[in-house]
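*Asks:* What follows is each chain in one-letter form.
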Amino acid sequence: MGQVASAWDGTEVGPDPVQLLTPAGRRVKHPSFAADVTLEEVRGFYRDLVLARRLDTEATALQRQGELGLWPPALGQEAAQIGSGRALTSADHAFPTYREHGVALTRGVDALELLRMFRGVDHGGWDPVATGFHLYTIVIGAQTLHATGYAMGLQRDGRVGDDGSAVLAYLGDGATSQGAVSEAFVWAAAMNAPIVFFCQNNGWAISEPTSKQTRIPIYQRARGFGFPGVRVDGNDVLGVLAVTRAALAHAREGGGPVLVEAVTYRMGAHTTSDDPSRYRDPDEVAAWRARDPIDRVRALLEREDAAFAGLAAAVEREAEELAERVRSGVRSMPDPAPLDIYDDVYAEPHAALERERAEHAAYLASFEEVS
Amino acid sequence: MGQVASAWDGTEVGPDPVQLLTPAGRRVKHPSFAADVTLEEVRGFYRDLVLARRLDTEATALQRQGELGLWPPALGQEAAQIGSGRALTSADHAFPTYREHGVALTRGVDALELLRMFRGVDHGGWDPVATGFHLYTIVIGAQTLHATGYAMGLQRDGRVGDDGSAVLAYLGDGATSQGAVSEAFVWAAAMNAPIVFFCQNNGWAISEPTSKQTRIPIYQRARGFGFPGVRVDGNDVLGVLAVTRAALAHAREGGGPVLVEAVTYRMGAHTTSDDPSRYRDPDEVAAWRARDPIDRVRALLEREDAAFAGLAAAVEREAEELAERVRSGVRSMPDPAPLDIYDDVYAEPHAALERERAEHAAYLASFEEVS
Amino acid sequence: MAPQRSVGGGATGPVTMARAIGMGLRRALEDDPKTLVMGEDVGQLGGVFRVTDGLLKDFGEARVIDTPLGEAGIIGTAVGLALRGYRPVCEIQFDGFVYPAFDQIVSSLAKLHARSRGRLSVPVVIRIPFGGGIGAVEHHSESPEAYFAHTAGLRVVSPATPNDAYWMIQQAVSSADPVVFLEPKRRYWEKAELDLASSPLPMGEARLVLPGSQVTLVAYGPTVRTAIDAAAAAREEGISIEVIDLRSLSPLDVDAVEASVRRTGRLVVVHEAPVSLGLGAELAAQITERCFHSLEAPVLRVGGAAVPYPPARVEEHYLPDVDRVLHAVDRALAY
Amino acid sequence: MAPQRSVGGGATGPVTMARAIGMGLRRALEDDPKTLVMGEDVGQLGGVFRVTDGLLKDFGEARVIDTPLGEAGIIGTAVGLALRGYRPVCEIQFDGFVYPAFDQIVSSLAKLHARSRGRLSVPVVIRIPFGGGIGAVEHHSESPEAYFAHTAGLRVVSPATPNDAYWMIQQAVSSADPVVFLEPKRRYWEKAELDLASSPLPMGEARLVLPGSQVTLVAYGPTVRTAIDAAAAAREEGISIEVIDLRSLSPLDVDAVEASVRRTGRLVVVHEAPVSLGLGAELAAQITERCFHSLEAPVLRVGGAAVPYPPARVEEHYLPDVDRVLHAVDRALAY
Ligand SMILES: Cc1ncc(C[n+]2csc(CCOP(=O)(O)OP(=O)(O)O)c2C)c(N)n1
Ligand SMILES: Cc1ncc(C[n+]2csc(CCOP(=O)(O)OP(=O)(O)O)c2C)c(N)n1
Ligand SMILES: [Mg+2]
Ligand SMILES: [Mg+2]
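Protein chains in written order, with our numbering: chain A, 1 to 371; chain V, 1 to 371; chain G, 1 to 335; chain X, 1 to 335.
Bear in mind the hints are in silico, worked out from the structure with no lab data behind them. Fair warning: this is a prediction, and the values are worked out from it, not measured in the lab. Every residue gets a Cβ at the ideal spot worked out from N, C-alpha and C, and that includes glycine. One or more of the hints may lead you astray.
[Stated by the list, open to error] Below, a sample of chain V positions facing chain A; criterion: calculated Cβ distance under 10 Å: (1) A35; (2) T38; (3) L39; (4) G141; (5) S177; (6) A180; (7) V181; (8) T214; (9) I216; (10) A222; (11) G224; (12) G226; (13) T272; (14) A286; (15) W288; (16) R291.
[What the hints assert, rightly or not] Derived coverage of chain V by chain X (criterion: at least 3 residues anywhere in the stretch with Cβ under 8 Å from a Cβ of chain X; other residues may be distant): (17) 129-137; (18) 154-166; (19) 182-188; (20) 261-267.
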């Protein structure tokens, strides 16, 4: 199940973020959390990180070329996403925002499925049941309540305790201000639901720095609701993995909700429509570049893994293939047919909508008659 | 201005509630809060408490007689209301729920104005500007945001600092679960607004005990948002006064928001439509009866005030007059005229509504022609 | 879609609508272990109208949930429970308290089936006691149905009789789509026999309540009784009114109304909600288009004024009553 | 109600609608120190559409407020600021994000004047970039106007031109009532000269955009341009269309529409929002009642389907375009 023993006793951890791998790629020890992973796993994370970044770069380029309508880059947040995504078991369920592209890959969502909504051919694109990865939610915070309800479902299914499963709900730093998110905290605490709230504090909510939302660190929000918060270095894939695993284990075993704050940084624009030069200092970006989440794993593997050169080359090839597949796949995605808009609005026939569809069909047919 | 020196340094206080007057009516000292009041003031509180209770009893009776549509009794919560209401200066502004009848009296709202909405002749009834006491808000939690915005207005008016003023926002224990209330906490903290959130934890939200809303004490909610929470014995008028004064002083002087949790008990039904026997134990009610907020002030005055017998008699007469005025006043309140419903929907003429009014007037007139 | 089973023994004795809904919920809880009931005060208290009385005792805390006080939380967690395979029936305590949940209803609940291209279903039922006439304080007498009927992805229904209430709540629970279930609270205590023997009308169909020839009168929820009373009064004056109970507001059974109007040539729609942009507007638009040449008078609407629901002691002037309905009928006949 | 001042020098050069709104806001901030601008990203960034660009720099943080991320918080605190005498202009970043604030809008903002029997005013303006056609992802293309127009106590307006945008935003700010100000985002970048010299039309009045004799075509916001284009195309075919820009959805200037329909005998209403229970329904109902004997055809409606706003690459089939408008015009003429 991927659950690891952890010394974490469910108490709050912060404000110093948990870190198991320094920006220079050196391992460090933490009293409560251990990077209990094999070398093979770390090699896997390296692959995950590189592929996630490549997808991001490629999607950004495709948007510039007009092939995607929009893209919200996860650049710089890969460790937070891969570390948390890899902490999940297949029986767990994740509820993302709109930026968890790295997590999506760990859940087996195909890159082209992921791009459908940004291409504008779909509002979803993948199978949330098969992947255990819910659809993206754009309305800030709404998914935290769905996630909490899902976790209540797990409780009712008897899926808490030994061999239990849990829910991982993603949210941003800005999202912590939304009433829906606080209600999710209230419900999760009142129900003692098996859920981990995973907040990627990437420093910004579009143009607003985190200081516009809160005057204390985000992981401390959980205090007010009676469950533990843990702050982790979001650019440290091992730290994120260990903390998220411990938090999920806590939840699965009936300990109730946990809030994880992964301190990271959005290196790119909010979305391809955004111009961050209007609101943030290039020095800040540069300082975070020195904390790059991939560099430190590379440094670690260069030191600890004799076969790293081969891995790096293989991953590079795989990334290239992914990029190529994404480029051609996106370009050849067919547009929806006009009458598709009437599909799946209801699961059962809805007479009024059927009438509208028939009228629309007749209207479209009238052109065909003409031509 | 009614501000008192207080040793409170803005740190959280609880879980033992601040108490300055025991259920037996004995004064006790607290390291941070002092009952800095004259005997004359205590005599005033006694009067306030008794009048508030009398209004409550009378309104409950009037509802039973069919003269009011509904009444939410404040029975048992009088100390929380008088203590906090008397902590306000005339320049402060209070935003009540629907149960702050005692506070209303301290703000100079006339009992008959207060009863208009429960009679069903109005949705408001008093002048919120003149009294510094906003209209009752029935939608749980909504007023906490209005209060926060009002406090932001005080900031913009330069009304923070020496000689500043503040806002007091009332809420219930159940209300703490509403997203709007958490957003008020977020805004108040982010803006450092001069506001005190005064939560009367009366043990119940209709049939749900406070444990259905939160697993930690309510005053601790503030921790998660980065401002202090203080727990006070809500049946101790002196404790409530001291804590609320200190909290308001903190806010007025630019210290930002405070959450006060007044631990009290709703001795009556949620409203006259409610039947608490369906959900709560008579022993619980009996235990709280022994903590009655008026009894302990009476005990104090009987000991400390030689002239108490005279006061008690005078207050009893005044209460009787109030009851009589309420009884006859409510019965003779005229119903609104049919076309009144069109008044004050808009502050400026609205053509479509004017048309509806004219049609309605013509319709009514058609009956008069007939008869 | 509709539970078509017929249960032996038709007679129940007269049952109030509130009780009929409770009986229907009980059946839904018995029939499907995935059915849940949740909301403020629905458990221990049995709801402020006692509709869910006894359910906690018989089905336990895991299935009958007293939730924290927040409507967004109720609907948002119900969506999540539905994603996990449950069928939550949420109670919103009063009409005026549904708005904090509006985002969850409009942007999540109504859209998830479409967003997922049919992969996900969210069979959540939202029960809302709605409408005025009970002498209540503010926010306890609203008629928010147009907001929901205008929202694609939701079904919106309102029973007008105990029998419909009993069956329709079960149909709503077993529907694969989200259903806003509007309970006419001022009719909660009206009694009628339930028909347990025959199979119910599908949830989306209107019902012809009274046949008539001169004017079609369409109502739903609380105004069906008003319409029936108006028809009775009109009959005394020799006017023959056909009364239709819409039952479903999304979909609207316009076919049924059209068939009637083709016979009568006149249509009056009556609801408590403000006339402006209310259900009557949509019916007026559609029926006028369909029956342009057979209408003898414009479609007339009787309903609330475009004002906030007024204080109790003037609400009788806000609510459509028999006189106002007959006034509209007279106007329609005068064309 | 409307600022009637005329400023020396009428010529501005062509200005986009986005810029015109920004200029209007600037005027409102200059004219009244109580005017505030608030919302997500309105300060430092100048809003995601740059409408408020430069205002923070010139008016400071106390008056141009980058708020925390929560729409209920934005509108709820704006209500409080208004109670303290301020005139907050709130930006909701996109149409689909207004719903978390729905309770504050419907139950507090819309009702406080009435609840207080006129003692309190809440002159809050809610700016919402609305509508589709910009190739956006979900929740960024909605047309929620019917929800607001159905809500008593709100005024609802939508400008279709830069000049109207410039003046109407100022009128909205100076209105004593709450105003929902719907900005047709796909027209943000269309340019026109502003007329600073002459006094503007009152906010609640419709405007005759193009005179015509055979069919009245009513539009508002983004579809006014569509209507004008349709009228031009129709003229080529010898069909004379009168185009009316509603401008105000609450109140609806039905008098203006009626006057036109009395001349033309036919009415087509076009909006992006779902047809079902949209503004077209209300116009159809009212105009049919007023012009029952002079209508040559039923009022026809062109608009969105009753489906969630579809993905970008099929939105052109959802949005009313010239062809669909002309199809309706032809149908109206064929009666
Ligand atoms: C309810 C709602 N309001 C506003 C928006 C517009 N919006 C999209 S992303 C965003 C900022 C989110 O910030 P954060 O939660 O920190 O997540 P991040 O984008 O940084 O990952 C905003 C305001 C939205 N999507 N939903
Ligand atoms: C938004 C909203 N939801 C539901 C209600 C119905 N309701 C009225 S009072 C109440 C309980 C409130 O409990 P609490 O906040 O503890 O205040 P108390 O009544 O105990 O003073 C509820 C659920 C409401 N008024 N508003
Ligand atoms: Mg962020
Ligand atoms: Mg309470």
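*Asks:* Evaluate each hint against the coordinates.
*Replies:* Evaluation of the provided hints:
no.	hint	verdict
1	A35	29 Å, violated
2	T38	38 Å, violated
3	L39	40 Å, violated
4	G141	9 Å, holds
5	S177	5 Å, holds
6	A180	6 Å, holds
7	V181	8 Å, holds
8	T214	7 Å, holds
9	I216	4 Å, holds
10	A222	7 Å, holds
11	G224	2 Å, holds
12	G226	4 Å, holds
13	T272	29 Å, violated
14	A286	28 Å, violated
15	W288	24 Å, violated
16	R291	26 Å, violated
17	129-137	holds (count 4)
18	154-166	holds (count 4)
19	182-188	holds (count 4)
20	261-267	violated (count 0)
Hint violations for this structure: numbers 1, 2, 3, 13, 14, 15, 16, 20, all remaining hints satisfied.
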